[in-house]
Amino acid sequence: MSRGSVAVKVNYNVGHYFQTRKGVRQGDPLSPILFNIVVDMLAILISRAKGVDQIQGVVPYLVDKGLSILQYVDDTVIFMGNDLEKAKNIKLLLCAFEQLSGLKINFHKNKLFCYGAAKTNQNKYAQIFGCDLGSFPFRYMGIPMHHRKLMNKDRKHVEECFQKWLNCWRSKMLSVGGRIVLINSILSSLPMFMLSFFEIPRGVLKKLDYFRSRFFW
39 MSRGSVAVKV NYNVGHYFQT RKGVRQGDPL SPILFNIVVD MLAILISRAK GVDQIQGVVP
99 YLVDKGLSIL QYVDDTVIFM GNDLEKAKNI KLLLCAFEQL SGLKINFHKN KLFCYGAAKT
159 NQNKYAQIFG CDLGSFPFRY MGIPMHHRKL MNKDRKHVEE CFQKWLNCWR SKMLSVGGRI
219 VLINSILSSL PMFMLSFFEI PRGVLKKLDY FRSRFFW
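Number 81 in this note's numbering belongs to position 43 of the sequence shown; there are no gaps in the numbering.
Just so you know, these hints were derived from the structure itself, not from any lab. Misleading hints may appear alongside valid ones.
[Stated by the list, open to error] Below 30 Å or equal to it, Euclidean Cα-Cα: the simulated BS3-like pairs (lysine-lysine) are:
id, residue 1, residue 2
1, K147, K124
2, K194, K149
3, K129, K103
4, K187, K202
5, K162, K147
6, K191, K157
7, K47, K103
For clarity, every value in this text was computed on a predicted model and none was experimentally measured.
Kindly generate the complete structure, drawing on both the sequences and the hints.
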């Protein structure tokens, strides 16, 4: 944006072109739109590389030629099969994307997660990409993520949120109506986001009901 030329169009009349001298600052509403336009090019490059079998995605039985990239706002998640040579191709593709787009990928801020047979080569993958290794389960957008079925201990975050709120409340100093409002507006809404993704076991639900009833009575 700092090296382009723009013109102002008013009533179908285009004015003189002039050079831009300031880039888009952080917080500008135009910034995420430009970012998504540029990252769409990354998805196209990955799709073309899959077409010539240079990279390999995951779950090819669910997604044609495998799932390789997911984009949510300014977060990018890249998936790849257990193949060191094709992992090097992805690294070369990302470096080429940097040169084409002008965006700098900070690999040190990214995490690499391996599971299954890929765990035997996780140090080699980390060396290729220059990323730190992450461990399961991890949290993404507030949701615990794991390659296997989540256990009750993986959902402890919701119980911790309940306890965090309850520790700063004094139920004896509130009326019955006040306690009901807090329970319905805050405690009951805390697990809703996770419930929209996963079915929570009965044991966890009973624990949450225990917190709510203890606060009320």
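Here is how each hint holds up against the structure:
1. Distance check on the hinted pair: K147 and K124 sit about 22 Å apart at the alpha-carbon level, within 30 Å; holds.
2. For the hint pairing K194 with K149, the CA-to-CA distance comes to about 23 Å; that is within 30 Å, so the pair holds.
3. Of the supplied pair hints, the one linking K129 and K103 holds, its CA atoms being roughly 19 Å apart against a limit of 30 Å.
4. A threshold of 30 Å between alpha carbons decides the hint, and for K187 with K202 the separation of about 26 Å falls inside it, so the pair holds.
5. In summary, the hint linking K162 to K147 is supported, as the alpha carbons are separated by about 18 Å, within the 30 Å threshold.
6. For the suggested pair K191 and K157, the alpha carbons sit about 23 Å apart, so the restraint of at most 30 Å is met.
7. Between K47 and K103 the CA atoms are separated by roughly 44 Å; this puts the pair beyond 30 Å, and the hint is violated.
Hint compliance for this structure: hint 7 is the single one not met.
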